[in-house]
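**Q** Since the structure of chain W is already known, use the hints to place chain P with the ligands on it.
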Amino acid sequence: MTEETQHTFLDEVTTIPGGERLRTCIQCGTCGGSCPSGPAMDYTPREIFALIMAGERERVLKSNTFWFCVSCYYCTIRCPQEIPITDIMYQLKRLAIKAGYYRASITNFSETFVGQIETYGRSFELGLATAHYLRYHPIESVRMSPLMLGMVTRGRMAFRPKRIRGIRPLRAILRKAKELGGEW
Amino acid sequence: MRYAYYPGCSLERNAAAYDESFRLVAEVLGMELVEIPDWNCCGATEYFSLDLLPAYALVARNLALVPEDLDQVVAPCSACYYNLLKTDKNMAAYPKLASAVNESLAAGKLHYTPGRVRSRHALDVILEDFSLEDLAAHVEKPLRGIRLAAYYGCVTVRPMGHDDPEYPIRMERLLKALGATVVEFSLRANCCGGHMTQLDAETAYEMLHYLLRNAAKLDVDALVTACPMCQLNLDAYQGQVNSHFGTDFHIPILYFTQVMGLAFGIDPDALGFGQEIVSAERVLEKFRNPPEEEEKKPRRKRRDKDALPMPEPLSGGGR
Ligand code: SF4
Ligand code: SF4
Numbered sequence: 001m002t003e004e005t006q007h008t009f010l011d012e013v014t015t016i017p018g019g020e021r022l023r024t025c026i027q028c029g030t031c032g033g034s035c036p037s038g039p040a041m042d043y044t045p046r047e048i049f050a051l052i053m054a055g056e057r058e059r060v061l062k063s064n065t066f067w068f069c070v071s072c073y074y075c076t077i078r079c080p081q082e083i084p085i086t087d088i089m090y091q092l093k094r095l096a097i098k099a100g101y102y103r104a105s106i107t108n109f110s111e112t113f114v115g116q117i118e119t120y121g122r123s124f125e126l127g128l129a130t131a132h133y134l135r136y137h138p139i140e141s142v143r144m145s146p147l148m149l150g151m152v153t154r155g156r157m158a159f160r161p162k163r164i165r166g167i168r169p170l171r172a173i174l175r176k177a178k179e180l181g182g183e184w
Numbered sequence: 185m186r187y188a189y190y191p192g193c194s195l196e197r198n199a200a201a202y203d204e205s206f207r208l209v210a211e212v213l214g215m216e217l218v219e220i221p222d223w224n225c226c227g228a229t230e231y232f233s234l235d236l237l238p239a240y241a242l243v244a245r246n247l248a249l250v251p252e253d254l255d256q257v258v259a260p261c262s263a264c265y266y267n268l269l270k271t272d273k274n275m276a277a278y279p280k281l282a283s284a285v286n287e288s289l290a291a292g293k294l295h296y297t298p299g300r301v302r303s304r305h306a307l308d309v310i311l312e313d314f315s316l317e318d319l320a321a322h323v324e325k326p327l328r329g330i331r332l333a334a335y336y337g338c339v340t341v342r343p344m345g346h347d348d349p350e351y352p353i354r355m356e357r358l359l360k361a362l363g364a365t366v367v368e369f370s371l372r373a374n375c376c377g378g379h380m381t382q383l384d385a386e387t388a389y390e391m392l393h394y395l396l397r398n399a400a401k402l403d404v405d406a407l408v409t410a411c412p413m414c415q416l417n418l419d420a421y422q423g424q425v426n427s428h429f430g431t432d433f434h435i436p437i438l439y440f441t442q443v444m445g446l447a448f449g450i451d452p453d454a455l456g457f458g459q460e461i462v463s464a465e466r467v468l469e470k471f472r473n474p475p476e477e478e479e480k481k482p483r484r485k486r487r488d489k490d491a492l493p494m495p496e497p498l499s500g501g502g503r
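If you read the sequences in order, they're chains W and P.
Last residue of the first sequence: 184 (the numbering used here), numbering continuous.
Last residue of the second sequence: 503 (the numbering used here), numbering continuous.
Check before you lean on any hint, since a few could be wrong.
Said to hold, decoys possible - As a list, the in silico EDC-like pairs of lysine to aspartate or glutamate whose alpha-carbon atoms are at most 16 Å apart:
id	chain 1	residue 1	chain 2	residue 2
1	W	Lys176	P	Glu287
2	W	Lys176	W	Glu118
3	W	Lys62	W	Glu82
4	P	Lys325	P	Asp451
5	P	Lys273	P	Asp255
6	P	Lys270	W	Asp42
7	W	Lys178	W	Asp87
8	P	Lys273	W	Asp87
9	W	Lys98	W	Glu111
10	W	Lys162	P	Asp222
11	P	Lys325	P	Glu476
12	P	Lys470	P	Asp403
13	W	Lys162	W	Glu118
14	W	Lys98	W	Glu12
15	W	Lys162	P	Glu196
16	P	Lys401	P	Glu368
17	W	Lys178	P	Glu287
18	W	Lys62	W	Asp42
As the list claims (entries may be wrong) - What follows is a list of derived Cβ distance ranges for each label pair:
id	chain 1	residue 1	chain 2	residue 2	range
19	W	Lys162	P	Lys325	27 to 37 Å
20	W	Glu58	P	Asp318	55 to 65 Å
21	W	Thr8	P	Gly458	51 to 61 Å
Hints were generated in silico from the structure; no laboratory data involved.
C-beta atoms are modelled at their ideal positions from N, C-alpha and C, and glycine is treated no differently.
Only chain W is shown next, with the shape it has when bound in the complex (with noise of 0.2 Å):
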């Protein structure tokens, strides 16, 4: 791996606001410790962080890490050197799904539920995509049953959002903001 390219993986990690404090990571390790999904991981924080620096561009994206970060920021708030991680974790996502490294069933579910908000402007439970599960999950399905019926009895569970009134301009606004797009 060139010196350029090492540069150019945490470049483009470091782009976002506060994105450029990843470069005084000490290796402390702190974040790896609090984080509830660790062991679940196949590289920890602190490890991935190292992979970026060492320019692993493939192997990192190509990580489950940042997909199983349930956005808790434990490791931001404890980071000695007060790096956003979680910022940086949703960044990853973003790179990867760009590179087109990514499980689909992991990324399709963000997908359903934004493909949702386009469609009504406003979504199914978050917790119990309905949708997202008989497409990935016919078996798992099957098992939740009860689950779902206990929600459907006490009323607590919709097959299809609402609609908001101004979905064609939430269209518009939405549509305006890809086209401008850009690193934030």
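**A** Chain P with the ligands only, in chain W's frame:
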């Protein structure tokens, strides 16, 4: 006091009990809630994983729709609250972002000036705009003998919360003012797993099991939450966790506004009791028939006079 109100998608359906109870409690407290007209989904954590500018624009549309005469918005859902707050703060800190968001909003004939609307969590509003004495003054039926522990989850208190980000204490103070027996839950600011149930059920159940196992040791009548995601995960998935780990947890998960309403003398049905999957009937039972005498705690044994001296505790708070 008048507040713009952003219920968010969860409160429309799965967390209707939170919406109903918050509105009723607000009424008792004299808060006027003005629902943001035609609000849209805040995108939860999902939109921010895909595309950043549309994610901000989506949230900003809600801020732009806050009526001109209001300068604060209250959101009971922690994810909604954090997205509203983050969008406002980042637009204020990064003018380039603000102008791109506004250029997008203009396509829908809207505009948002960063800093115009203060985004606040329902829990913070209640504990900042009212003193504990104010709140206690509304208590008609104290929650005597009911053992409750607070569970905050993550973004209610992190990274931009108004309480200690690791050991918050607000909800405990509130529950105490309502007359409940408060038990401190050391994992109260741990993560419920968010949308992990949809990504990797095994990991999600591990996280929930960790919380439930430790909550069960406290022998509480219910856990009290301030977030629909926490409620959903701990309540609706409790049965899944039980069958996965062969456990038998029965811990009702309530919203803080539900227990407030109960103490304020509001009808439990109107507060959404009965919508929970793990029944809170035990709580209502105790509420209707409070124990005669508060159980007396056995007094701690005094230290042996001949024991070695103990170090002095740190003063002025360690953190
Ligand atoms: S806590 Fe911060 S400094 Fe320590 S390893 Fe993690 S990112 Fe680096
Ligand atoms: S925010 Fe993500 S990476 Fe950080 S501790 Fe929580 S789950 Fe782990």
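**Q** CA of Lys162 of chain W to CA of Glu196 of chain P, is that 16 Å or under?
**A** Since the Cα atoms of Lys162 of chain W and Glu196 of chain P sit roughly 9 Å apart, the hinted pair holds (cutoff 16 Å).
**Q** Quickly compare the C-alpha distance for Lys273 of chain P and Asp255 of chain P to 16 Å and report which way the hint goes.
**A** holds (15 Å)
**Q** Below or equal to 16 Å on CA atoms is what counts here, so check Lys162 of chain W against Glu118 of chain W.
**A** holds (12 Å)
**Q** Quick one, are Lys273 of chain P and Asp87 of chain W close enough, alpha carbons at most 16 Å?
**A** Between Lys273 of chain P and Asp87 of chain W the Cα gap is close to 14 Å, so the pair holds against 16 Å.
**Q** Does Asp42 of chain W sit within 16 Å of Lys270 of chain P, going by the straight-line distance between their CA atoms?
**A** violated (29 Å)
**Q** Next pair to validate is Lys470 of chain P with Asp403 of chain P; report whether the Cα-Cα distance is within 16 Å.
**A** holds (14 Å)
**Q** Do the alpha carbons of Lys176 of chain W and Glu118 of chain W lie within 16 Å of each other, as the hint requires?
**A** OK: Lys176 of chain W and Glu118 of chain W at ~13 Å, within 16 Å.
**Q** Looking only at beta-carbon atoms, does the pair Lys162 of chain W, Lys325 of chain P fall within the given range of 27 to 37 Å?
**A** holds (36 Å)
**Q** Taking 16 Å as the top limit, are the C-alpha atoms of Lys98 of chain W and Glu111 of chain W close enough?
**A** holds (13 Å)
**Q** Between the beta carbons of Glu58 of chain W and Asp318 of chain P, is the distance compatible with 55 to 65 Å?
**A** Taking Cβ atoms as reference, Glu58 of chain W and Asp318 of chain P lie about 58 Å apart, which means the hint holds.
**Q** Holds or violated: Lys325 of chain P and Asp451 of chain P, Cα atoms, limit 16 Å.
**A** holds (12 Å)
**Q** Within a Cα-Cα threshold of 16 Å, do Lys98 of chain W and Glu12 of chain W meet the stated pairing?
**A** holds (12 Å)
The earlier numbered hints that this structure contradicts are 3, 6, 7.
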